Structure formats: structure tokens, C-alpha cells
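In order, the protein sequence lines correspond to chains A and B. The first sequence begins at 1010 in the numbering used here and counts up one residue at a time. The second sequence begins at 10 in the numbering used here and counts up one residue at a time.
Treat the hints with caution; some may be incorrect.
Cross-link-like lysine-lysine pairs, in silico, BS3-like; alpha carbons within 30 Å at most [unchecked claim]: (1) B:K27 x A:K1101; (2) A:K1093 x B:K27; (3) B:K35 x A:K1097; (4) A:K1013 x B:K68; (5) B:K35 x A:K1023; (6) A:K1053 x B:K27; (7) B:K68 x A:K1101; (8) A:K1101 x B:K35; (9) A:K1147 x B:K27; (10) A:K1147 x A:K1137; (11) A:K1093 x B:K35; (12) A:K1155 x B:K68; (13) B:K68 x A:K1053; (14) A:K1097 x B:K68; (15) B:K35 x A:K1104; (16) A:K1053 x B:K35; (17) B:K27 x A:K1104; (18) B:K35 x A:K1012; (19) B:K35 x A:K1034; (20) B:K220 x A:K1102; (21) A:K1116 x B:K68.
Source of the hints: derived by calculation from the structure; they are not laboratory data. All figures in this text were calculated on a predicted structure; none of them were measured in a lab.
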Amino acid sequence: MSKKEPPGQEAFDKLLAWLDADRDKAAERYEQIYFRIVRTYTAKGCWEAEDVADETFNVVASRTDELIGTYHGDPALYFYGVAKNIYKEWLKKNKYPPPPPIIDNSKIELRCHCLEKCLQELNPDEAKMVLQYYEGEKQARIANRKKLAAELGISLNALRIRICHLLTRLRPCIEECLKHLDG
Amino acid sequence: MALSNHDQAQIREYLLGKLNESEQEKIEERLMVEDELFDELEASKDELVEEYCAGELDKAERRWFEQHFLASPEGRERHAFVLAMDCLQQTRVPVLPEPVVAVEPERTLFQRLWDFLRTQPLWVVTATAAVLLIGTASLMLLRPGPPQHSLALTLHTSTTERAPGEPQYPKVRLTPDISELRISLQLNPYTRAGVTYLVELDDRANKRPIKSIAQDEDSLTVAIPAAELHPGLYSITLSVVTSEGEKRRVPGNYIFEIIN
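So here's chain B without its partners, still in its complex pose (with noise of 0.2 Å):
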């Protein structure tokens, strides 16, 4: 049976102490029996609880739900729950619209090189085919011998930060082949698709931007020369920097360690 406004009504009175003690026998009879009524208290006392917190009870009321509900195990608890998401939503990033960015379709070597020759004199022409010519023979005649492949990894956030322990990450160990790390990073419910974000590598001495190379819905994925990595542990994190200029860091870190 669906809850009228009058059944709302009546549960918030029951929590601020407004029924007489009949009334509150029918609905604690009614709790015991429907689960509507039920679910219907227990989102009503975390509605309170956040109505407290923002001041909108009445001097009565407040007196009322601090010496009966909040009072309990149960109160305190729901009330700090209120307290850490409020800490929670000041350190989360903001939704943000997508920037709209006009972006030109771009142009292939081929098309650059084709209308840079239809504008020049013929010499440059000449000029332009033999130094391709030569360049094309250099390339050839100095290729190195085995190909250098990519690393790929793939980290989910850690908030092992800040617990106490022995954190858990990957070990990576990158050998003369690998010329780049490629990273996964995974989204976690902080980050949002459709936003740009700053990725900034952390070597615990220095932290410095590194680029992103893709990003969807899951993820985003960020490429790393081997060559700038070096044994010790790593972290990346990612801020959003808002349309004031301000810059937000996402909770929670990307952790992983190079080993020799």
C-alpha cells in the first residue's frame, strides 16, 4: 500500500516528539507490520539529521532531536555520516560542462606537403623531392635493430594514502625494449566523463604534468617515456581545473612502482 503525504507527515512528528502517546502506538504498531512506513522512517531521520545540520529545525525541534534521536549510537552515527559527506562533496569535483572547442579536422603529411608545393617555384619543388629522397635513404640505412615496444598497465585508484599498512600497488619492471609506459588509468565515481582532466605524475621529489593520449567513459589513458622513469614508486593523480581557474584533485591516487 503506497505512503500518503499524511503517513510523511506523521513520521516526522513522530520523530520530533509532536504525537501524543496513542499516536505513537499506532505508527510504532504500523512499523512493526509495513515495510513502506518502515523505509519511510529511516529516510525521514537521515533527512532530519541533515536538516539539523543546516540549522532549519526550530529551536524546539533541535532541542527535541538532540536529546531523544541524536542522543542514541544510531543519531551520532547518522549525524557524522551528514558531516563526512558534506567533507566529502567540498573535496569532490564539481560537474562541469563539456568545453566546446571548435577543432579543425586534421591534415595528413600528404595534404601539407601537396599544398606547400602547389605554392612554390619549381627550384623549391626540386629542392623539397631530393631532401625527402635523402632523408627517406637515411632513415632507412640508420633503423635500429629490434623494435622498441609499448608497456601497457592499468591502475585503479588507491586510497591506501592515507591507511595505515603496507599499501598495495603493481610493481613494473621495464627492460631496454619498452621505450613507454602506457597507463590505464580507471575512473572512479569522483571523475566524470567528458571533462578534461590534468595528470600530473608524482615521483615523491618533483610532480609534473604528464599528457593524456585517450580518454572514454572508463578511462583515461596516459603514455610515460621509459627513459623519464626510473627506479622508486610513483603516483598520479588527477585535478580538474574549473572555469575560475581554480584547480580541484580528484580523490584518490594512482599508485605503481618501478623496479630495477
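Isolated chain A (complex conformation) (with noise of 0.2 Å):
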């Protein structure tokens, strides 16, 4: 991946300034559009997602000026359509697969213990419904989430994002617990 430089002051207020008038606004729709394309390439096997998402912003804030004027549409979609552009070329040299994960489980119970931790910083009707998400194995676990969506008068797929969005935010906490107890 050949590296283009990061922008400077300037041009990074201008690439802001393309995403929103409202500077906050834009701020929010900056780290939205990098999320995405880390998750969709991470999603994709890249495992260096966030150096092609860098790649791509260096990359549009040097065409900023050119693009206020010429680029009609969702920013969302040029920033897409230059990062496919970094990922084919982050592909072509790595094209082998990396060998299977190796999980050290000595590391899950100092996990498990961070995410007992965290859990306690949720709200106790959170954390319950996280964890009786889990319960269960297999066909009981399918039956359980099912009585656990009835009971909160919400569709199945309701609850599968109300508990993606609570581990969405559970995930930085059990990071931080983790860096604590290594360092």
C-alpha cells in the first residue's frame, strides 16, 4: 500500500467542511465513515483495516478542493469507493491467508473476569439482559432469546441489535480492564 502523507491543518479543516457545515456534525460524520470502513474490511478478513481506512482519508483530504466543487452525492460513497480501491492493493500483497487463530486460554479468565466487571457498570436491567442473552446452550439458547424478546415486547431482531449496541459499548471497558491487568 503506497502511503500518502496525513493532511495538514488546512486540509483537514476543508475535508471536514466538505462532510458538514456544522464542524461537531462533521466531526461525528469523520469518525462515523472511518468506523464503517474499518468494520466492513475488518468484516472482509483485512487484518489491517484501520491502515486502509488512514490510507483512504489521507487520500480524499488531499482531493478535497477539487471534490467541494465536482462531487455531487452521500461522501460516505466516495470515501467507500476510494478505500475499495486501497483494499485491492493492501490485497495484492497479502495474498496468503494468515494461519488459524490461536486463542490463549489463559487470557479468557482474566477476560471473563474484566467483562464481570463491566457488566456492573451497565444498568442492572442491562447487564441482566445481556447475560440472559447468553444463557443457555444451542436449541435452549434460541428458545430463551425468543421468551427474553417476548417479555420485553420487542421482535427478535430488536433484541439481536439492542444487545449488539450493549456490547458495542461493554468492549472498550473490557479493553481497559485487560490493559490494566497486563500492565
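Work from the hints to combine the two standalone chains into their complex.
What follows is the structure, encoded as C-alpha cells:
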């Protein structure tokens, strides 16, 4: 992947202005697009998705002047177009898939401890919901989730998404806790 | 716009490498601008990791998933999360039905005394009345000077027992006028209302059961006679005894220190 220089302050300001006239909203949009690029390319197996996203933003920032006058449409789609090409370039250099993941079992207990601790930082109803969602195995777990959704008066799909959002809040806490234990 | 079943199926296929390049690009474009579809991607990642851990993916899917999503730092983190959740579920208190116990309404001392006297001959009634009079007089004469008090304390579970560094816990000084320490144990997400817990006090040398005197949705109260508490660190643990007689510890400890 050829590296583009990170944008200077002026180019960065122009990039934000292109995303939204309101600087706060522009910053939110910036983070959202960055996050989606990382998560999408991770899903495809790119283990350096943050590098792809960084490079994408550097390239787009270097083109903001021309984009402001010529590009019409959702900026996120332009970012995606650039990211796609950068990913293809990355893929050429990383043809061989990596070996299967190795899980260090000794770390699981630590993670379990951190999960326990971080659940206490959610409100009690949310923590209970997460724990109940993961109760049981196989068919019993599926039946349990349907029951939980019915108790909450929401669809199973809405429950899945609610849990997904709760886990998104839990994860940084767990990583922080693990860093603390390692340090 | 609500997601269709087709969208959900496509996201799953996308994660398992079953879409052609053009289909992948269409999905990726939508992921950049559609919030619901992006949420679906995130939820599906967790579900596929669960299926991977449960051995529910077929051989080709398993291989693809290992070499793509699970090869990324995010994939490894989600894999470890599911294993940690399984680990936590194994130590967690199961949901037990509330035991149904037939309880007779408690009778007052007066009611019990009256029932007793109704069935006794006259000389027993006279003797009992005499004993009661003497007993009441003795109590009035021997009553100690200053009143005795309970000291109330509220504790939350501490997970510091396994964490490095100095743990934080309340320090309690018991003055001579305190006859007992009443501790309100705040229940955590692993505990459930309606379950009877076995409460144990650990002074690092011995562990012994203590009685709970009250329980509501959020807390459980125990009373420990002050005479049984000496300076030092104490830990209270909760366990639940399953219908098979198995004792299961509730994660977390309630720690406090008695100081001079």
C-alpha cells in the first residue's frame, strides 16, 4: 500500500467542511465513516483495516478542493470508492491467508473477570439482559432469546440489535480492564 | 427502512465469503450509508462467532471464517468475548424457581401464652403468673445502663480480589455501645430477587454461615453480633444451593475491615 502523507490542518479543516457545515456534525460523520470502513474491511478478513481507513482519509483529504466543486452525492460513498481501491492494493500484497487464530486460554479467565466487572458498569437491567441473552446452549439458547424478546415486548431482531449495541459499549471497557491487568 | 430476510441472509453470506465481487460491492456501498444494515453486519458477526464456537458452521464456512474475520484483531477479540461469556455463564447463578413453602402465620407471645393457660389446671395458671411477675421485676432491676445500638453499613460487591493493587473497602470501628453490625448487601446482576441465598462470612481463617434478616429486590441484610467481630479483614460471599444440592457461588465478594 503506497502511503499518502496525512493531511495538514488546512486540508483537514476543508475535509470536515465538506462533510458538514457544522463542525461537530462533521466530526461525527468523519468518525462514522472511518468506523464503517474499518468494520467492513475487517469483515472481509483485512487484518490491517485501520491502515486502509487511514490511507483512505489521507487520499480523500488531498482531493477535497476538487471534490467540493465537482462531487455530488453522499461523501461516504466517495470514501468507499477510494477504500475499495486501497483494499485491492493491500490484497495484492497479502495473498496468503494467515494461520487459524490461536486463543490463549489463560487470557480467557482474565477476560471473563473483566467482563464481569464491566457488566456492573451497565445499568442492572441492561446487564441482566446481556446475561440472559447468552444463557443456555443451542436450541435452549434460541428458545430463551425468543422468550426474552417476548418479555421485553420487542421482536427477536430488535433484541439482537439492542444486544449488539450493548456489547459495543462493553467492549472498550473490557479492553481497558485487560490493559490494566496486563500492566 | 426495515431490513428484509433477504438482507439478513446476504449479510451472512457476505461474512462467509459466499457473494461474488459485484454483490459484495453492492452490500459494501449500502453498509456505508444504511444504519440498519450496518447494525445487522455487527450483530451477524457476533452470531457467526457463537456458531463457530458451538461447532455449527460446516467445514468450508469454518475455514473461511478462520482465515478472514477471525484473523483480524476485531475477530479475535469477538471470539475471545464469546469464550469469556461462556466462562462467566458457567459460574453464574441459575434462575431457580422461588421455593414454595407453606408458612403458618406467626403467633404473638400473648396468643401462645393464652392458648397454654386455657388448657392448664388452676394451680399451673397461678404458678405461671407468679413466675412472670418475678421475671418482669428482675428484668427491670437488672436492665443495663446505656442502650445498645446497631451499626448500619451498605456494601457493594467488590471484584478487587483478583485485581492487582490495593483493594478498596470500607473500614468500620466498633465502639462499646454497638451490639451488632447490620450490613445491607446490594445485590448485583448475578443475583436474583426471590432466591434464598446462603450467606457466609470469611475472616481469612474460617468461613461460617450467617443469617440474613431481610431481603428485597435490591438488597439482602445480615446482622452480625459485634462480639463475633475482631479487627481484621472480612469477606461476605453469597451462594445458592440448587435443587440437586449443589452449592454455586455468586461472583463477587462484599469486603469490609474492622479496625480498632
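Hint check results:
no., hint, result
1, B:K27 x A:K1101, "holds (20 Å)"
2, A:K1093 x B:K27, "holds (18 Å)"
3, B:K35 x A:K1097, "holds (16 Å)"
4, A:K1013 x B:K68, "violated (40 Å)"
5, B:K35 x A:K1023, "holds (29 Å)"
6, A:K1053 x B:K27, "holds (11 Å)"
7, B:K68 x A:K1101, "holds (26 Å)"
8, A:K1101 x B:K35, "holds (22 Å)"
9, A:K1147 x B:K27, "holds (24 Å)"
10, A:K1147 x A:K1137, "holds (20 Å)"
11, A:K1093 x B:K35, "holds (12 Å)"
12, A:K1155 x B:K68, "holds (28 Å)"
13, B:K68 x A:K1053, "holds (18 Å)"
14, A:K1097 x B:K68, "holds (27 Å)"
15, B:K35 x A:K1104, "holds (23 Å)"
16, A:K1053 x B:K35, "holds (14 Å)"
17, B:K27 x A:K1104, "holds (18 Å)"
18, B:K35 x A:K1012, "holds (27 Å)"
19, B:K35 x A:K1034, "holds (27 Å)"
20, B:K220 x A:K1102, "violated (67 Å)"
21, A:K1116 x B:K68, "holds (27 Å)"
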